[in-house]
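Undergrad: Sequence:
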Amino acid sequence: MPTAIVTGQPVPGSSLEGDLRSLGFDVRMAADAAEARSLIAAAPADGRVALVDARFVGHPHALRLGLTDPRFPLAAVPGAVTAQGTARQTLSRALAGQDQIQDETGGGTAVAVDSLPDRLVTALDADGTPVHRPELGSLVAAVPADPQARNEARQAVLAVDEEDIRLKSAVKSRDGFFTTFCISPYSRYLARWCARRGLTPNQVTTASLLTALIAAGCAATGTRPGFIAAGVLLIASFVLDCTDGQLARYSLQYSTLGAWLDATFDRAKEYAYYAGLALGAARGGDDVWALALGAMILQTCRHVVDFSFNEANHDATANTSPTAALSDKLDSVGWTVWVRRMIVLPIGERWAMIAVLTAVTTPRVTFLVLLIGCALAAAYTTAGRVLRSLTRKARRTDRAARALADLADTGPLAGALGRVFKRGLPGLAVPAVAFLGGAAVVACSALTGFGGWLPVVGAGVYVLTSALATARPLKGSLDWLVPPFFRAAEYGTVLALAARADVHGALPAAFGLVAAVAYHHYDTVYRIRGDAGAPPAWLVRAIGGQEGRTLLVTVLAALLTASQFTVALTVIAVCVALLVLVESIRFWVSAGAPAVHDEGETA
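With numbering that gives the first Met the number 0 applied, the sequence shown covers 0 to 602.
Don't take each hint at face value.
Derived CB-CB ranges, DEER-like [as the list claims (entries may be wrong)]:
#: 1; residue 1: Gly23; residue 2: Leu551; range: 47 to 57 Å
#: 2; residue 1: Val159; residue 2: Val573; range: 50 to 60 Å
#: 3; residue 1: Asp286; residue 2: Pro129; range: 52 to 62 Å
#: 4; residue 1: Asn309; residue 2: Ala541; range: 20 to 30 Å
#: 5; residue 1: Arg363; residue 2: Asp501; range: 12 to 22 Å
#: 6; residue 1: Val588; residue 2: Tyr185; range: 28 to 38 Å
Calculated lysine-lysine pairs in the DSSO-like style (CA-CA distance at most 27 Å, straight line) [said to hold, decoys possible]:
#: 7; residue 1: Lys392; residue 2: Lys421
#: 8; residue 1: Lys474; residue 2: Lys392
#: 9; residue 1: Lys421; residue 2: Lys474
It should be emphasised that the hints constitute simulated quantities derived from the structure, not laboratory data.
Note that the Cβ used here is the ideal one computed from N, Cα and C, for glycine as well.
Please model the complete structure; the sequences and the hints are all you need to start from.
TA: Structure follows, in structure tokens:
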């Protein structure tokens, strides 16, 4: 149980102790800094500790935001500070130095009221120690200096509807049109209902996954009632998908496991639904597996464009662009914001479209409309980002280059050749060569008959171009395009060869292989987002890297019959899935995993 130490003389009529207990704290009283130090030392070694001024007046939710968020080692609101983990030692050192600070400043502090928690925050700031300060908005958190100020603070607390603010803050500030206006106005109340019944975000996330899997099963029946039920259940799954994040923000239940589940289940749900639609279509005599795989490839490549661009510009300096300035100007015109968010077809709009089309049309129509919509959205977003990159005078950091290298998923073949091509390529030649190499292997696989050796030649060229593209750090203005070009090349090659095999089961096997590899790539993204680094090098070597897998698939297609190739794809898919899942689960349940709840796909 976390420990809250209330410092100073108790104030008659204060609800502070009760508020802290309602937040799960074991409350202790300390008359001065020396007693506070003793209580911190006596607190459970692995537990959170908080110091709160006895004169604190404010909303309980302000204390919740400042003292219970597990994502930050040190956090504070006016009149209160908290520490967890190794940050407790930092807080103890700051507390031990208070006598010296007071001597040097003549007893004065940098805060308006002589509050021990606020003095500690001032000392931590002076040492350059990062302290999280949550946005409180109209919530009250204050340490009044006299009875009149205390009465005014209490009146301010009563004047604000704390629960209304808590509900509104549970909803993401930036989301798509459909989610903002059709789901969140209602799902936040479902999130509160879940919180009051002790349900966790992970339980809601799991319920969302199960609902989507049932929806996929309904779609797989191939009947009109099944398609209608699938569409309804897909929307229900999305409602729960919104609810889990809102529940996490409402109750501040962030966890490492929650980060992993929320980050990966969205993709698992959508791609399982694609498979269900393809199975349902097959029951009706229509083979749409190529369309299902194409939709998965396009959607994954869209996400990689988002991830790569954001990582390339995460901490770039001199990060200015006329195109970005125009975008900011358009943001001032309200309706353009929503139009542009809908154009990119975020998850809410996309799932709503899939659900409606499933219920009223056929799987083939659903996939065709989805492919056209996603292609237009991809063209719009990618073109805008290319223009921003070309007009932006930015200096990218080693961190950005490292993230792009990890996203590239270069294996041992390209890595060894890259060390030979030490100087690499200049400027825009890097993404150009990556594109040309990928286009070559996909074209060789798609435009020749199954069983030929031309795809192997194309794959050999692709290995060389991959090595050239990644031989030097990816700091060029358009180098963020390299990872999505690699994804499109690898996935597209698998799709082309499976389609050329033209035997029963080849495309479903290819779907499974691409799904397994895509999981590995998404897992890499979310580790980078949590500042936990990429998956271990042994895993990348074990599954061959993107260029190694591409070469292997083309060689197998040349050596094996179509039926044998289908079996080989299935075996590779199972092996890759087992390796990446075991390593991913090991990481995300370990102590080193980032305790950050994923905010979902960007709008």
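Undergrad: All hints are to be evaluated individually against the structure, with a verdict given for each.
TA: Right, here's what the structure says about each hint:
1. Gly23 to Leu551: 47 to 57 Å: With a Cβ separation near 53 Å, Gly23 and Leu551 satisfy 47 to 57 Å, so the hint holds.
2. Val159 to Val573: 50 to 60 Å: The hinted range 50 to 60 Å holds for Val159 and Val573, with Cβ atoms some 56 Å apart.
3. Asp286 to Pro129: 52 to 62 Å: 55 Å, holds
4. Asn309 to Ala541: 20 to 30 Å: 28 Å, holds
5. Arg363 to Asp501: 12 to 22 Å: The hint (12 to 22 Å, Cβ to Cβ) holds, given that Arg363 and Asp501 are roughly 18 Å apart.
6. Val588 to Tyr185: 28 to 38 Å: 33 Å, holds
7. Lys392 to Lys421: 26 Å, holds
8. Lys474 to Lys392: Roughly 12 Å between the alpha carbons, so the hint for Lys474 and Lys392 holds.
9. Lys421 to Lys474: 15 Å, holds
In summary, the structure agrees with every hint in the numbered list given earlier.
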